[in-house]
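Q: Listed here are the chains, written in short residue letters.
Protein chains: 2
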Amino acid sequence: MSVNELFQYSVVSALMDGVASKGLPISTLLANGNHGLGTFRHMVGEMIILDGKVYQMNSDGSVATVSPSSSTSPDDDRAVTPFAMVTRFSPTVTTRAAFQSKQHLFDSVSSLLPGTRNNYISIRLDGTFKNVKARTVGGQAHPREGLAELGKHQTTREFAGDEGIRGTVIGFRSPAFMQGISVAGDHLHFISEDRKTGGHLLSFETVGEVEVKVAGIWKVVLELPRDDEEFDQAKLEADREGIEKAEG
Amino acid sequence: MSVNELFQYSVVSALMDGVASKGLPISTLLANGNHGLGTFRHMVGEMIILDGKVYQMNSDGSVATVSPSSSTSPDDDRAVTPFAMVTRFSPTVTTRAAFQSKQHLFDSVSSLLPGTRNNYISIRLDGTFKNVKARTVGGQAHPREGLAELGKHQTTREFAGDEGIRGTVIGFRSPAFMQGISVAGDHLHFISEDRKTGGHLLSFETVGEVEVKVAGIWKVVLELPRDDEEFDQAKLEADREGIEKAEG
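Which chain is which? The protein sequence lines are G and U, in order.
Note that this note's numbering numbers the first sequence so that position 93 is 93, with each residue one more than the last.
Note that this note's numbering numbers the second sequence so that position 36 is 36, with each residue one more than the last.
Hint data in this document are derived by calculation from the structure and do not stem from the laboratory.
Check each hint, because a few of them may be wrong.
It does not matter which identical chain is used: a pair holds within one copy or between any two.
The calculated BS3-like cross-link candidates involving lysine-lysine, where the alpha carbons are at most 30 angstroms apart (straight line), are [stated by the list, open to error]:
hint, residue 1, residue 2
1, 235, 53
2, 235, 213
3, 219, 235
4, 219, 130
5, 235, 196
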């Protein structure tokens, strides 16, 4: 994979259908990129990948560092990912800016990278954030439990207060026509600077300006699950409304 | 690209929206595969790629061989493709079978390659066909004319009679959840053995058994148009009904 190409394993529709018993080895994922997000087997927690390091953000608030060597036991849910997106991130625009909302970030990135309305974009923010709301799914109660169902008993954390929390936001913008394959719009995960908390970013503001790094993506490598009965049997209908609700 | 990986340039939704003024150089397409299908700039005719050779099947019934060197003039519509799918085809199942319809072929391929319900498949048939119905689009009357509109004045040819016509069918099955990106289901093009006629396959039967070659695909490389204003401005909404009608 060259820089700023996207590698994606499986599709979001498969998570919606609860396909999460098997997956790609974390070591293979890291061979394809050093920046990204995803989840772990049985959707236990949220995955964020910063500078080649993989973190698992659990619903009890704990964060584990996942090294490929520590997760080789086939019984370890962290050994494989049923869905992830990674890139070798090489920002083409680096700047500083303040954001009042996810929508504000969306509009700002669009103006930083004109001509990318129908493309993927890699995004990274570093700085201090306030009113961060992040959710973390706790894992499937049973095989094939879908992401929408998991969402009903997810944990949502809020980091409020004007002093804010230092941390990093990483993620991808996916074009509208890829809804179901990826998550249309901005799909972002947050992790605190001390790597002690974080999750799937629902809403946020910044405290003053943060560092903003973005790059457009024109090539996507999509790897589909192989020898995976759950994936083969899933209906995988594009549930646009469900995805918006689960990943919004 | 390794064998049995799919390389696709642009998305079917873009053709539906009439995005066809620019495209990928044919030489770049051939660097990514030797078996496939697509169209040419301004959607002039149907493209079929057999054993690394590119043919343009026009609506007047003529077939042109397109070599990368013969199509380097920027004014030549055959210089670039606004949409194509190619692979380095290495069949994993080779057999002989008779087919009564496209649906019969679909069901047969499913049983030849179990476990591929949600995957792409490469398909090639060689033999004698009867009641072949193939359509060929004649090209855009104006920029941004969409594929559904072009379909209204496409040419449909029928090769009837029991003696049939010898030729080759090449194409891909795409999973249902990729509708709009690719064409869900079997998307096949036909060319006669004498390379004098052919088009987008609408319906067919075989005369006795034909040679059948298939392979499953688990990795897809999707390259999106870059610096292409038409693509950037297109809405690219998944028009499922329109695609089924235009590509059925």
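Q: At most 30 angstroms between CA atoms: does that hold for residue 235 and residue 213 within a copy, between copies, both, or neither?
A: between (37 angstroms within a copy, 26 angstroms between copies)
Q: Please sort residue 235 with residue 53 into within, between, both or neither, judging by C-alpha distance up to 30 angstroms.
A: Neither way: residue 235 and residue 53 sit 33 angstroms apart in one copy and 37 angstroms across, limit 30 angstroms.
Q: Between copies, within a copy, both or neither: which fits residue 219 and residue 130 at Cα up to 30 angstroms?
A: neither (34 angstroms within a copy, 40 angstroms between copies)
Q: One pair to classify: residue 219 and residue 235, alpha carbons no more than 30 angstroms apart. Within, between, both, or neither?
A: both (27 angstroms within a copy, 19 angstroms between copies)
Q: When Cα atoms must be at most 30 angstroms apart, do residue 235 and residue 196 count as within-copy, between-copy, both, or neither?
A: The answer is neither: 37 angstroms in one copy and 41 angstroms across copies each exceed 30 angstroms.
Against the hints set out earlier in the document, violations occur for numbers 1, 4 and 5.
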